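If you want the building blocks of each chain, they are given just below.
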Amino acid sequence: GENVEQHPSTLSVQEGDSAVIKCTYSDSASNYFPWYKQELGKRPQLIIDIRSNVGEKKDQRIAVTLNKTAKHFSLHITETQPEDSAVYFCAAKGGGNKLTFGTGTQLKVEL
Amino acid sequence: SQTIHQWPATLVQPVGSPLSLECTVEGTSNPNLYWYRQAAGRGLQLLFYSVGIGQISSEVPQNLSASRPQDRQFILSSKKLLLSDSGFYLCAWEDSWGAFFGQGTRLTVV
Chain A
436 GENVEQHPST LSVQEGDSAV IKCTYSDSAS NYFPWYKQEL GKRPQLIIDI
486 RSNVGEKKDQ RIAVTLNKTA KHFSLHITET QPEDSAVYFC AAKGGGNKLT
536 FGTGTQLKVE L
Chain B
-11 SQTIHQWPAT LVQPVGSPLS LECTVEGTSN PNLYWYRQAA GRGLQLLFYS
39 VGIGQISSEV PQNLSASRPQ DRQFILSSKK LLLSDSGFYL CAWEDSWGAF
89 FGQGTRLTVV
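Listed in order, the protein sequences are those of chains A and B. All you need for my numbering is the position in the first sequence, starting with 1, plus 435. With my numbering, letter number 97 in the second sequence gets 85, and the count goes up by one each step, no holes.
Everything labelled a hint here was simulated from the structure, so no lab data went into it. Fair warning: this is a prediction, and the values are worked out from it, not measured in the lab. A portion of the hints provided could be inaccurate.
[What the hints assert, rightly or not] Lysine to any residue pairs mimicking SDA-like chemistry, simulated, CA-CA at most 20 Å apart: (1) A:Lys543 / B:Arg30; (2) A:Lys477 / B:Thr(-9); (3) A:Lys472 / B:Gln91; (4) A:Lys477 / B:Ser84; (5) A:Lys477 / B:Gly31; (6) A:Lys472 / B:Asp73; (7) A:Lys457 / A:Thr500; (8) A:Lys477 / B:Asp73; (9) A:Lys477 / B:His(-7); (10) A:Lys492 / B:Gly86; (11) A:Lys477 / B:Thr96; (12) A:Lys457 / B:Pro(-4); (13) A:Lys472 / B:Gln33; (14) A:Lys477 / B:Gly75; (15) A:Lys492 / B:Val0; (16) A:Lys492 / B:Thr96; (17) A:Lys472 / B:Thr96; (18) A:Lys472 / B:Val0.
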């Protein structure tokens, strides 16, 4: 089955800096890669996603890149703000038709 | 637009009691449905997923079960709760537009 690894587990950046979270997946048939933001005590919220026919997607300060050959994808947050502090999860949908999540990254944006 | 309803939001149950959590989806047809559990400060553990009515795949052997009696209804059950069943239970649906979570049920087994 699909295996998704996510790094780092914790990330601390200064306000205004960029943050990058990386994920790798094992199933070469995976075709859908969403990213979620989870604030304390709340449900994960979909913030951006990318499909296997696209290499990069951007939405304001958030971007996701996908390298199918290397089987990894990354979340990039530019000009970080305190409200970006949360846990971020990557996920991949493999050939088994189910969504598998990474273990999460605790992002802290410091003033 | 698609919406997902999950209830209750919080639940306190004694050890050994039964459990039934329900999730319904509106505005979509034949979605994939998921149940996840999240311990405090931890990641998302996939419990069950379903690609259609009556089709349930179990990811973790335990005292929980799931059923999908209708296309847009997904139910998580237990006959006898354990202390270790405490956690944040999340239902999710997925279709061609993406995957989205319900509000979650915070279960405390005492």
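Those earlier numbered hints the structure runs against, lowest number first | 4, 6, 12, 15, 16, 17 and 18
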